[in-house]
Amino acid sequence: MTFTRFVEAGRIALINYGEHLNKLVVIVDIVDQSRLLVEGVTTKVRRQVINVKRVSLTSLKLDGIKRGAPTDEVAAAYKEADIDAKFAASGWGKKLDRKKKRAALDDFGRFKVMVARMKKSKAINAELQKLQPATA
Amino acid sequence: MGKSRDARRRAKEAPTKPVLQTITKKIGGEKNGGERTVIVNKGPKWYPADDIKKPVPSRKHAHKPPKLRSSIKPGSVLILLAGRLQGCRVIFLKQLKSGMLLVTGPYSVNRIPLRRVNQAYVIATSTSVDVSAVDVSKFDDAYFKRVKAKKNADVMETDEEAAKYAPTEERIADQKAVDQVLVPVIEKEPLMTSYLKNRFTLRRGMNPHVMSF
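In order, the protein sequences belong to chains A and B. So for the first sequence, UniProt numbering puts the first residue at 1; every next one is plus one. So for the second sequence, UniProt numbering puts the first residue at 1; every next one is plus one.
Hints should not be assumed to be uniformly reliable.
Said to hold, decoys possible - No farther apart than 20 Å at their CA atoms in a straight line, the calculated lysine to any residue pairs in the SDA-like style are these:
{"hint": "1", "chain 1": "A", "residue 1": "119", "chain 2": "B", "residue 2": "193"}
{"hint": "2", "chain 1": "A", "residue 1": "112", "chain 2": "B", "residue 2": "194"}
{"hint": "3", "chain 1": "A", "residue 1": "101", "chain 2": "B", "residue 2": "203"}
{"hint": "4", "chain 1": "B", "residue 1": "197", "chain 2": "A", "residue 2": "115"}
{"hint": "5", "chain 1": "A", "residue 1": "100", "chain 2": "B", "residue 2": "204"}
{"hint": "6", "chain 1": "B", "residue 1": "188", "chain 2": "A", "residue 2": "108"}
{"hint": "7", "chain 1": "A", "residue 1": "122", "chain 2": "B", "residue 2": "191"}
{"hint": "8", "chain 1": "B", "residue 1": "188", "chain 2": "A", "residue 2": "130"}
{"hint": "9", "chain 1": "A", "residue 1": "112", "chain 2": "B", "residue 2": "110"}
{"hint": "10", "chain 1": "A", "residue 1": "112", "chain 2": "B", "residue 2": "129"}
{"hint": "11", "chain 1": "B", "residue 1": "94", "chain 2": "B", "residue 2": "177"}
Because the hints were derived from the structure by calculation, they are not lab data. If you're wondering where the values come from, they're calculated on a predicted model, not measured in any experiment.
Pulled out of the complex, with its shape left as it was, chain B reads as follows:
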């Protein structure tokens, strides 16, 4: 049998013996020995009769990134299932710290930029592309963080130019660098380019739960 939860916690907070800090004080008076060693911090004079329980630190908010599905490997072709790019086929590059998947179309093939997707909204296919040559060390969650648009003083008057999204120079350059490596690899495989350009849809007689991807 294991120890109780309390016992385990007590064992964790191993009672290290407090090292008493002392200083030597000079003492006046003839018969007092001249000096005395005194504890610096004496601590409380009294102890409470009952132990006051400390609240257990909450474990609720610890971020546990989801495990990568075993069918998804770097280079896997994924089918996006939700959002604007529903049905699009993309290439998986890596999993970010937050658990989101870094994917790209690539942009020069099917106009899907480097972006993050949740793996819950994705079908993994068994098709894959060699992405070992792609450098993805630069990309993390901070890279994709949204820049908040500046609030206009006048609420009614929305600044259209500010609200419109346009990729930064940096992002354009990064996308180009990734595409440069990825596109030749994709073009090597016949039909792969048109496959990635093509959107996935369910047609008559297609039952996704019995189909293999």
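The shape of chain A in the complex, shown without the other chains:
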């Protein structure tokens, strides 16, 4: 296996720390080995320098974005590629969405989730039992 996600201009990344936690940004430029210039188009993250450690790279990338591309070009490419919808449809996006929804649940909601999970695992286990060879 080789690497497929690189720190490069146009790469979509997710901020994993601090005020802008879990917000999508576009890498616009690379300042040095540890710092990047990023910008969030729909996430209200202003163009700023951020440490590499504080972003996680996604598999998404904007095509045709050169290093230091201006805001309007980045925004146009971002909307053209429909990045928000693509990310939301990905496994990672769904997981984040689920986490957010679960955190907002009230006590009764959490109970309902628990019941649903029990039901699911019961069904799975029942099927699994059928597949296993009968042992003495």
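Starting from the structure of chain A, add chain B where the hints point.
Using the frame of chain A, we list chain B on its own:
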């Protein structure tokens, strides 16, 4: 600026002018006019030179029932946090005069009778049940007052039957009446019955201070 505390107190005890009670007395002797109006209660003959201060009535022991937490409304599902029923979910019915909360399981759902709890030992959830049809006018603090067990003459010999608690016929009937109204309402909501039967516990990764209830 406000008046001093003394001045306010004086104003409160507004000096109403004493109405003098008088009676007419017959007086003997020719030149005495026959009768005279006399004050009944003359009062003391002399006044003390210094004012004697009256102690201010104590405000310490006035019972101020606590305000009901804004998140608790009649019908709210509460989580009990202390005691034998720790973690149980109950339905709040009303606040009593003493400030205690009247709650019930209801009994036929999760075996929690009508009882009083302190709102400090309770988590209010946003879930609620319609309790408008439940008649709670009967229940007050006196209803829940404990009946003291009769003391046995022999200290060493405890009367086990007397010490054992059993609900009175009245309480059983009252509980039935409340349950009769409450249970159909609860059963309307899917999963509500099993939710009330289930005890609340903290599990790994659950931080109660960031969770919403």
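Practice problem: Quickly compare the C-alpha distance for residue 112(A) and residue 194(B) to 20 Å and report which way the hint goes. | Solution: 10 Å, holds
Quiz item: Is the Cα-Cα distance between residue 188(B) and residue 108(A) 20 Å or less?
Solution: 15 Å, holds
Exercise. Sort out whether residue 193(B) lies within 20 Å of residue 119(A), counting only the CA atoms.
Key: Roughly 17 Å between the alpha carbons, so the hint for residue 119(A) and residue 193(B) holds.
Self-check item: Pairwise hint evaluation, residue 204(B) against residue 100(A), where the allowed Cα distance is 20 Å at most
Solution: 18 Å, holds
Practice problem: Given the hint that residue 197(B) pairs with residue 115(A), test it: the Cα-Cα distance must not exceed 20 Å. | Solution: Within the cut-off at roughly 13 Å; holds.
Quiz prompt | Proposed proximity, residue 130(A) with residue 188(B) (alpha carbon, max 20 Å) | solution = 36 Å, violated
Quiz item: Has the given pair, residue 122(A) with residue 191(B), been kept, meaning a C-alpha gap of at most 20 Å?
Solution: 18 Å, holds
Quiz item: Taking only the CA atoms, is the gap from residue 94(B) to residue 177(B) under or equal to 20 Å?
Solution: 16 Å, holds
Quiz item: Is the hinted pair residue 101(A) and residue 203(B) satisfied, with a Cα-Cα distance of at most 20 Å?
Solution: 18 Å, holds
Quiz prompt | Hinted pair residue 112(A) and residue 129(B), Cα distance within 20 Å | solution = Cα-Cα ~16 Å, so holds.
Quiz item: For the pair supplied as a hint, residue 112(A) and residue 110(B), is the alpha-carbon distance within the 20 Å limit?
Solution: Holds, because 18 Å separates the two Cα atoms, which is no more than 20 Å.
When the structure is compared with the earlier hints, a violation turns up for hint 8 alone.
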